[in-house]
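**Q** Residue numbers (the working numbering), protein chains in the order written: chain R, 1 to 332; chain H, 1 to 97; chain X, 1 to 249.
The set of hints was computed from the structure by calculation and includes no laboratory data. Note that the structure is a prediction, hence the values are computed from the model and not measured. Be a bit skeptical, because a hint or two may be false.
[Stated by the list, open to error] Chain H is faced by these chain X residues, among others (derived, beta-carbon under 8 angstroms):
no., residue
1, Gly37
2, Gln68
3, Gly140
Every residue gets a Cβ at the ideal spot worked out from N, C-alpha and C, and that includes glycine.
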Amino acid sequence: MYTQGLDSLGKDCLRDEARDSAGLESRFQARVDAEEKIEAKDWMPEAYRRTLVRQISQHAHSEIVGMLPEGNWITRAPSLKRKAILIAKVQDEGGHGAYLYSAAETLGVSRAELVDQLLAGKAKYSSIFNYPTPTWADVGAIGWLVDGAAIMNQIPLCRCSYGPYARAMVRICKEESFHQRQGYEIMLRLSRGSEAQRAMAQAALDRWWWPSLMMFGPSDSESKHSAQSMRWKIKRFSNDELRQKFVDTTVPQADYLGLKVPDPELAWDEALQHYRFGAIDWREFEQVLAGEGPCNRERIEARRKAHDDGRWVREAASAWADKQAGAATRAA
Amino acid sequence: MDESRNDWPLYEIFIRAKSGLDHKHVGSLHATDARMALEHARDLYTRRQEGVSIWAVRSADIVASDPGESDAFFEPARDKIYRHPTFYEIPDEVKTL
Amino acid sequence: MTLQARYVLRLADTNLVLAQRLGEWVGHAPALEEDLGLANVALDLLGQARLLLAHAGELEGKGRGEDQLAYLREESEYFNLTLVEQPNGDFGDTITRQFLFDAWQLGLYEALAGSKDAMLAAIAAKGAREAAYHLRYSGGWLVRLGDGTAESHARVANSLAQLWPFTNELFHDDGVDRAAADSGVGVLPSSLAAPWSARVDEVLGRATLARPAPSGFGWYGKQGRHSEHLGYLLAEMQSLHRAHPGATW
Numbered sequence: 001m002y003t004q005g006l007d008s009l010g011k012d013c014l015r016d017e018a019r020d021s022a023g024l025e026s027r028f029q030a031r032v033d034a035e036e037k038i039e040a041k042d043w044m045p046e047a048y049r050r051t052l053v054r055q056i057s058q059h060a061h062s063e064i065v066g067m068l069p070e071g072n073w074i075t076r077a078p079s080l081k082r083k084a085i086l087i088a089k090v091q092d093e094g095g096h097g098a099y100l101y102s103a104a105e106t107l108g109v110s111r112a113e114l115v116d117q118l119l120a121g122k123a124k125y126s127s128i129f130n131y132p133t134p135t136w137a138d139v140g141a142i143g144w145l146v147d148g149a150a151i152m153n154q155i156p157l158c159r160c161s162y163g164p165y166a167r168a169m170v171r172i173c174k175e176e177s178f179h180q181r182q183g184y185e186i187m188l189r190l191s192r193g194s195e196a197q198r199a200m201a202q203a204a205l206d207r208w209w210w211p212s213l214m215m216f217g218p219s220d221s222e223s224k225h226s227a228q229s230m231r232w233k234i235k236r237f238s239n240d241e242l243r244q245k246f247v248d249t250t251v252p253q254a255d256y257l258g259l260k261v262p263d264p265e266l267a268w269d270e271a272l273q274h275y276r277f278g279a280i281d282w283r284e285f286e287q288v289l290a291g292e293g294p295c296n297r298e299r300i301e302a303r304r305k306a307h308d309d310g311r312w313v314r315e316a317a318s319a320w321a322d323k324q325a326g327a328a329t330r331a332a
Numbered sequence: 001m002d003e004s005r006n007d008w009p010l011y012e013i014f015i016r017a018k019s020g021l022d023h024k025h026v027g028s029l030h031a032t033d034a035r036m037a038l039e040h041a042r043d044l045y046t047r048r049q050e051g052v053s054i055w056a057v058r059s060a061d062i063v064a065s066d067p068g069e070s071d072a073f074f075e076p077a078r079d080k081i082y083r084h085p086t087f088y089e090i091p092d093e094v095k096t097l
Numbered sequence: 001m002t003l004q005a006r007y008v009l010r011l012a013d014t015n016l017v018l019a020q021r022l023g024e025w026v027g028h029a030p031a032l033e034e035d036l037g038l039a040n041v042a043l044d045l046l047g048q049a050r051l052l053l054a055h056a057g058e059l060e061g062k063g064r065g066e067d068q069l070a071y072l073r074e075e076s077e078y079f080n081l082t083l084v085e086q087p088n089g090d091f092g093d094t095i096t097r098q099f100l101f102d103a104w105q106l107g108l109y110e111a112l113a114g115s116k117d118a119m120l121a122a123i124a125a126k127g128a129r130e131a132a133y134h135l136r137y138s139g140g141w142l143v144r145l146g147d148g149t150a151e152s153h154a155r156v157a158n159s160l161a162q163l164w165p166f167t168n169e170l171f172h173d174d175g176v177d178r179a180a181a182d183s184g185v186g187v188l189p190s191s192l193a194a195p196w197s198a199r200v201d202e203v204l205g206r207a208t209l210a211r212p213a214p215s216g217f218g219w220y221g222k223q224g225r226h227s228e229h230l231g232y233l234l235a236e237m238q239s240l241h242r243a244h245p246g247a248t249w
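Given only the sequences and the hints, what does the whole structure look like? Please build it.
**A** Encoded structure:
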């Protein structure tokens with residue numbers, strides 16, 4: 001349905017571009033400015049479509065790869081309740097990936113293409129998932145900090161201009177707050193537990209704090225895409241604004257846990273009513289983004305293995321469906 | 001390129017959240033056959049008791065109105081305001097009209 | 001431990017071990033949708049396991065809760081069926097194991113809904129709805145794989161041959177089973193054999209798979225005598241909990 005629509009859309013694009021491209025663009029921008037939603041078969045600038053495909057697919061890949069660092073602890077969860085919660089959480093993440101691939105497919109790209117790009121190492125995903133989860137406390141830290149940061153990014157996206165993406169985000173946000181709460185609850189139990197548990201929690205915070213701040217991306221002055229994305233309402237707040245909001249919200253939560261944020265420059269600024277915090281080491285971010293983080297290779301290898309090992313299964317399912325369709329035709 | 005994955009057709013999913021409501025479009029998924037589409041839809045879209053009924057339709061089977069023709073399709077309804085009850089002034093003394 | 005508690009514990013352990021196996025798949029399934037499907041089964045079985053463990057603990061009357069039972073017992077004290085501790089193998093092995101189990105569990109829960117133990121009856125009534133869905137899921141996949149490609153057929157035929165010997169135990173009656181059946185609490189395993197066979201044969205037929213020849217060897221996981229696999233499974237499951245005695249999580 002959507003790809004058929006886009007075929008004709010492409011031809012219209014060419015004709016219209018010859019005649020009236022400035023007109024189409026300005027009408028498109030007027031709709032976006034008026035907070036109207038753009039839907040799958042509406043005319044859109046090619047760059048808008050490309051930006052969305054990139055952004056939505058990166059988001060989808062992140063959810064899928066994100067299943068691995070936490071999924072790692074399902075078999076070793078220290079109580080049955082935690083085991084059940086963790087399975088449900090990781091299942092949600094898979095579901096989020098599915099909603100997002102589904103939204104990306106409305107833009108004329110197939111999930112198979114997107115997955116192939118990921119497995120070939122050509123697609124990006126959130127670098128945070130390239131960090132290891134060596135202890136149980138890392139599961140708590142990911143829920144509290146990583147999902148917390150994700151929520152900050154995602155809530156504004158519920159109002160993004162592209163309809164299918166906005167609707168997927170609404171569904172995701174509803175599920176995401178349980179994720180953050182279960183993570184924080186884990187940290188709460190640890191910080192109020194034995195000395196060993198407390199130390200485990202502090203060590204996890206030390207490991208995940210800075211990578212979580214990096215999740216918001218570089219300062220907007222450094223980011224090529226920001227300004228145009230803001231105009232198209234694909235992005236609603238700047239990276240720095242969201243990062244600041246995250247710090248302001250999260251530091252009191254760490255204080256409540258009795259844990260120390262690993263930033264000697266962290267300090268409340270009464271005049272600005274914000275926390276001032278130290279400089280981020282972007283070299284680490286770039287290394288991880290370039291594939292040299294601690295788990296980049298493992299994560300992609302795991303996904304590649306799942307995909308390759310499962311090929312015979314997917315082929316069998318298709319073959320069986322074809323046989324049924326053939327039998328139905330013959331019977332008719 | 002994994003050809004086999006391309007063969008799993010896309011299905012659009014509609015869920016009736018509660019008895020009495022309409023089915024609403026919630027998204028899409030890939031499946032090889034109708035039964036699998038329903039099972040996947042159940043696992044993907046009804047984990048939080050959000051459904052009593054699922055419809056799965058192959059995306060290729062959906063016929064949609066063309067946004068390029070939306071003016072001709074939908075504009076004429078706009079000026080026929082006499083179709084709406086609020087167009088008519090009924091004196092207050094007249095009940096239940 | 002009373003025979004009644006032992007009977008319930010067998011059901012609990014069987015669910016727990018199978019849920020643990022399914023939990024290993026998350027993030028590694030052949031398709032994203034199957035990650036969700038398998039996780040769904042895992043969650044259902046884990047939920048049933050938790051209720052059954054709590055109930056077994058109450059019947060035992062020594063104050064052991066679900067976590068003490070799950071994390072602090074050794075292999076010889078675990079009473080799960082040997083079938084469910086078998087490794088996941090490939091997706092075909094997992095689906096075959098799941099199908100053989102689901103066909104058994106559905107019959108069991110349908111019968112247990114009439115148990116004199118009210119809690120067990122309630123767990124079984126709810127569990128039967130879940131088992132019905134699981135059987136639909138695993139049966140559907142077994143048919144796709146059995147009647148899919150030549151490769152998939154060969155693989156699941158092999159899975160079936162490997163796992164078939166473990167099904168004997170499902171229908172073997174011992175002292176605990178007989179006591180449970182006599183008291184109206186439980187169901188005699190042998191009574192489930194014929195309905196199970198009928199369900200299995202129907203699906204194997206559609207899957208174009210031949211029923212393997214009966215195997216003579218007996219397995220006794222439900223009496224605490226396990227294959228080599230349970231040791232590794234429990235070591236992984238219990239290690240963190242045991243490393244912090246008395247801690248809460």
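**Q** Please go over all the hints and tell whether each is borne out by the structure.
**A** So, going through the hints one by one against the coordinates:
At a threshold of 8 angstroms, the smallest CB-CB gap from Gly37/X to chain H is about 5 angstroms, leaving the interface hint in force. For Gln68/X, the shortest C-beta to C-beta distance to chain H is roughly 30 angstroms, which exceeds 8 angstroms, and the interface hint is violated. This hint holds: Gly140/X has a C-beta 6 angstroms from the nearest C-beta of chain H, less than the 8 angstroms allowed.
Going down the numbered hints, you'll see the structure goes against just number 2.
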